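Numbering of the sequence shown is given in the working numbering, commencing with residue 168 and proceeding in unit increments.
These are computed hints drawn from the structure, not numbers from a lab.
Hints should not be assumed to be uniformly reliable.
Unchecked claim - Mimicking DSSO-like on lysine-lysine, the simulated pairs with C-alpha atoms at most 30 Å apart in a straight line are:
{"#": "1", "residue 1": "253", "residue 2": "228"}
{"#": "2", "residue 1": "228", "residue 2": "275"}
{"#": "3", "residue 1": "178", "residue 2": "275"}
{"#": "4", "residue 1": "275", "residue 2": "256"}
Unchecked claim - The following label-pair restraints were derived from C-beta to C-beta distances:
{"#": "5", "residue 1": "224", "residue 2": "184", "range": "18 to 24 Å"}
{"#": "6", "residue 1": "190", "residue 2": "284", "range": "28 to 34 Å"}
{"#": "7", "residue 1": "170", "residue 2": "299", "range": "35 to 41 Å"}
{"#": "8", "residue 1": "286", "residue 2": "258", "range": "21 to 27 Å"}
{"#": "9", "residue 1": "224", "residue 2": "310", "range": "45 to 51 Å"}
{"#": "10", "residue 1": "253", "residue 2": "197", "range": "30 to 36 Å"}
{"#": "11", "residue 1": "253", "residue 2": "185", "range": "38 to 44 Å"}
This structure is a prediction, so every number in the text was calculated from the model and none was measured.
Backbone N, C-alpha and C define an ideal beta-carbon position, used for all residues, glycine too.
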Amino acid sequence: MTRSMIEDMEKRGVLEAGLARAPLAGETVAMPRFDEVVVFRDFFIVGLRFPLDPVVAEIFKLFDVYTHQMTLTSFVWLNLYMWLTKTCKLNPTATGFAHLFRCHFQPKTVFVKTSEGTSEAEPQFGVYTFAFHGTVPSPVVVYRN
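Kindly produce the complete structure, drawing on both the sequences and the hints.
Next up, the structure:
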């Protein structure tokens, strides 16, 4: 990410002005400060917006995960939950989300080709995802005699 990319996101309303910074020059490993989180650009494509609703932060705390560990689909499910609860005039809660979703660990192995051959590396994101597990009422057919 560059400063100009962040400014463009601010203009489009994806980020509130002043909430994001580009990596420092020469920074190849993310080193967030105390009040920062690592976020990948692709997360914004699937609907992540800042500032976060406080419930989203509570959901991450409840499942003991961080934004950079999540798959893109996780943010789609979060958006769906938040939209649905607010549309139905319900208060979204972390426990309400946990009734519908589980946090699923998805182990990944990434192979990197180097001049010496191929080696394994850790993926930068996509280790956990939220998976729907809520029960949807099944239709019941009743016959009368």
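Hint check results:
1. 253 with 228: holds, 21 Å
2. 228 with 275: holds, 23 Å
3. 178 with 275: violated, 35 Å
4. 275 with 256: Measuring from Cα to Cα gives roughly 38 Å; hence the hint is violated.
5. 224 with 184: 18 to 24 Å: holds, 20 Å
6. 190 with 284: 28 to 34 Å: Given range 28 to 34 Å: holds, Cβ gap about 29 Å.
7. 170 with 299: 35 to 41 Å: Since residue 170 and residue 299 have Cβ atoms about 38 Å apart, the given range 35 to 41 Å holds.
8. 286 with 258: 21 to 27 Å: Since residue 286 and residue 258 have Cβ atoms about 48 Å apart, the given range 21 to 27 Å is violated.
9. 224 with 310: 45 to 51 Å: holds, 50 Å
10. 253 with 197: 30 to 36 Å: Once the Cβ atoms are compared, 31 Å apart, the range 30 to 36 Å for residue 197 and residue 253 holds.
11. 253 with 185: 38 to 44 Å: violated, 26 Å
Hint check: violations occur at hints 3, 4, 8 and 11; the rest are consistent with the structure.
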